[in-house]
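A.B. asks: Protein chains in written order, with full-length UniProt numbering: chain V, 1 to 204; chain D, 1 to 204; chain E, 1 to 204.
Take these hints with a grain of salt, some might be off.
Identical copies go unnamed one by one, so any copy, or any two together, can satisfy a pair.
[Said to hold, decoys possible] As a list, the in silico DSS-like pairs of lysine-lysine whose alpha-carbon atoms are at most 27 Å apart:
#1 K196 / K83
#2 K83 / K145
#3 K196 / K86
Just so you know, these hints were derived from the structure itself, not from any lab.
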Amino acid sequence: MLHLLYIIAIIAEAMTAALSAGRRDMDWVGVCIIAWVTALGGGTVRNILFNHYPMSWVEHPEYLVITAGAAILAAVIARLMTKMKKLFLYLDALGLVVFTIIGCQIAEQINLPWLIVLLSGMITGCAGGVLRDVLCNEVPLLFRKEVYASASIVTGAAYLGLEYLSVPVGISIVVACVIGLALRLLSIKYNWQMPKFVYREEWH
Amino acid sequence: MLHLLYIIAIIAEAMTAALSAGRRDMDWVGVCIIAWVTALGGGTVRNILFNHYPMSWVEHPEYLVITAGAAILAAVIARLMTKMKKLFLYLDALGLVVFTIIGCQIAEQINLPWLIVLLSGMITGCAGGVLRDVLCNEVPLLFRKEVYASASIVTGAAYLGLEYLSVPVGISIVVACVIGLALRLLSIKYNWQMPKFVYREEWH
Amino acid sequence: MLHLLYIIAIIAEAMTAALSAGRRDMDWVGVCIIAWVTALGGGTVRNILFNHYPMSWVEHPEYLVITAGAAILAAVIARLMTKMKKLFLYLDALGLVVFTIIGCQIAEQINLPWLIVLLSGMITGCAGGVLRDVLCNEVPLLFRKEVYASASIVTGAAYLGLEYLSVPVGISIVVACVIGLALRLLSIKYNWQMPKFVYREEWH
Numbered sequence: 001m002l003h004l005l006y007i008i009a010i011i012a013e014a015m016t017a018a019l020s021a022g023r024r025d026m027d028w029v030g031v032c033i034i035a036w037v038t039a040l041g042g043g044t045v046r047n048i049l050f051n052h053y054p055m056s057w058v059e060h061p062e063y064l065v066i067t068a069g070a071a072i073l074a075a076v077i078a079r080l081m082t083k084m085k086k087l088f089l090y091l092d093a094l095g096l097v098v099f100t101i102i103g104c105q106i107a108e109q110i111n112l113p114w115l116i117v118l119l120s121g122m123i124t125g126c127a128g129g130v131l132r133d134v135l136c137n138e139v140p141l142l143f144r145k146e147v148y149a150s151a152s153i154v155t156g157a158a159y160l161g162l163e164y165l166s167v168p169v170g171i172s173i174v175v176a177c178v179i180g181l182a183l184r185l186l187s188i189k190y191n192w193q194m195p196k197f198v199y200r201e202e203w204h
Numbered sequence: 001m002l003h004l005l006y007i008i009a010i011i012a013e014a015m016t017a018a019l020s021a022g023r024r025d026m027d028w029v030g031v032c033i034i035a036w037v038t039a040l041g042g043g044t045v046r047n048i049l050f051n052h053y054p055m056s057w058v059e060h061p062e063y064l065v066i067t068a069g070a071a072i073l074a075a076v077i078a079r080l081m082t083k084m085k086k087l088f089l090y091l092d093a094l095g096l097v098v099f100t101i102i103g104c105q106i107a108e109q110i111n112l113p114w115l116i117v118l119l120s121g122m123i124t125g126c127a128g129g130v131l132r133d134v135l136c137n138e139v140p141l142l143f144r145k146e147v148y149a150s151a152s153i154v155t156g157a158a159y160l161g162l163e164y165l166s167v168p169v170g171i172s173i174v175v176a177c178v179i180g181l182a183l184r185l186l187s188i189k190y191n192w193q194m195p196k197f198v199y200r201e202e203w204h
Numbered sequence: 001m002l003h004l005l006y007i008i009a010i011i012a013e014a015m016t017a018a019l020s021a022g023r024r025d026m027d028w029v030g031v032c033i034i035a036w037v038t039a040l041g042g043g044t045v046r047n048i049l050f051n052h053y054p055m056s057w058v059e060h061p062e063y064l065v066i067t068a069g070a071a072i073l074a075a076v077i078a079r080l081m082t083k084m085k086k087l088f089l090y091l092d093a094l095g096l097v098v099f100t101i102i103g104c105q106i107a108e109q110i111n112l113p114w115l116i117v118l119l120s121g122m123i124t125g126c127a128g129g130v131l132r133d134v135l136c137n138e139v140p141l142l143f144r145k146e147v148y149a150s151a152s153i154v155t156g157a158a159y160l161g162l163e164y165l166s167v168p169v170g171i172s173i174v175v176a177c178v179i180g181l182a183l184r185l186l187s188i189k190y191n192w193q194m195p196k197f198v199y200r201e202e203w204h
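Required output: the full structure, derived from the provided sequences and hints.
C.D. replies: So this is what it looks like as structure tokens:
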């Protein structure tokens, strides 16, 4: 079940990433690489930091094919995608919570302390988008956008909290996902923002 | 033989990278770091992703000395290099195919599936340039330039295909390199471009 | 002792990093991530390159709490920090030499050749700031600033040189730190610059 949602999520991430590549006039190679980095980069960064090998896409090279195909499809039907903007925002939110849960679970498997489990969820959910923005030469949206990383942290905390209360794992996952999704979607709908820190002094 | 070409290639990559650093007014430290990242970064990224240690430059620290020396030499003779622009474009193309073959071979040694072998070649050939552009705060040229990553993929595919047909390894390497080089040089000469995906809708 | 200086240094790095985040109007998530990357990123990059696990912040998750707390405090007292600019420049210089020594020691523990030990010190001292600048979408200051990476190299070289002369380790560390600090602080005071390489020809 989580696996199926994972596949849907990487497809959705790859498709929206393709549009970011299009904003920078990239060719098909650029489109594919940006899609890979966005959809698979979060888990890759997590695995590098926690020395957890092999990468999912090395064990399952079909993920590379699926995401590349989805990205090129997105470039072809870009006009249609613009009309389905809302659907993709929902799928992106779904991806965020699914990636977060998977990241938490992997960190639990290798017995990391709970704070690192939470961080692993956030890295898995968010680092792909950060890499995408760095490669597209933009300040990562994550650092400025509405409740995004925060939704990931809340999802992970709910999951860990329910687990701590001995709630069965399946229920913990569903509840944590629903809470995280609700928070993310409400924040999009009402344009919630985290307080920003604006500083203009030059030191150098 | 491949080793000799590798040394020539990292020297050439380091020298052209130094000019990129010069466009950003970097000092000698910046010039050396950009040269290292460009010449040795592709293999380094590959090794990190596939958990293949130690790095070549840890086993052979002389690579760091050679590339740093080449980069500083390039800064000194920058005017001369501009005149030899064509030579360096050729050497860069040579580096691309040599790095690609080496990347494929290393992935084969650790028994990765063929799609990942191809990707390993592309990462080894191209990631150094991507890192250089990120550090120089530019959208990676790779994602937009004439047939570059594509030439790497074709080189790797030719190498793997010939190997599959039981052609002796030495011949496979030479033929794959010639095909890749020809493709890259023709694309420079005739300014071939991959189709670009241009998208201007704002979502956020 | 070195450990105490390390804690002071990561706090100082996290606080100045928060101001960089403020220049890009980041929210609290961005502020924390930039602080983590700046304060802990140098050692993290070093560990990835040399396959040295686990990360310090995985073993000591409290480092994440301390640096995040320091960063948020910095955002709150930003005005006060501007007035204490000099203090933070000194603490940043202290961090540079302390990180450098720690980086050299870790590379020595895993028996890397001396040139790599020096590089390990420089990476530990400087890579955090490079990552910060990449995430803030700027050309890394390190590549252009007054004697910074050079101070790290001199610190590492002094440490290695004294060790080679069989000077007791404690004395080597203190002398190397004093030399590195003096060089860095003098370069700030007199605005020393490394020679820059400026190049304006376009190749593409």
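A.B. asks: Each of the hints needs a verdict: does it hold here or not?
C.D. replies: Hint by hint, here is what the structure shows:
no., hint, verdict
1, K196 / K83, "between (31 Å within a copy, 22 Å between copies)"
2, K83 / K145, "within (22 Å within a copy, 30 Å between copies)"
3, K196 / K86, "both (26 Å within a copy, 26 Å between copies)"
Violated hints for the displayed structure: none, as all numbered hints are satisfied.
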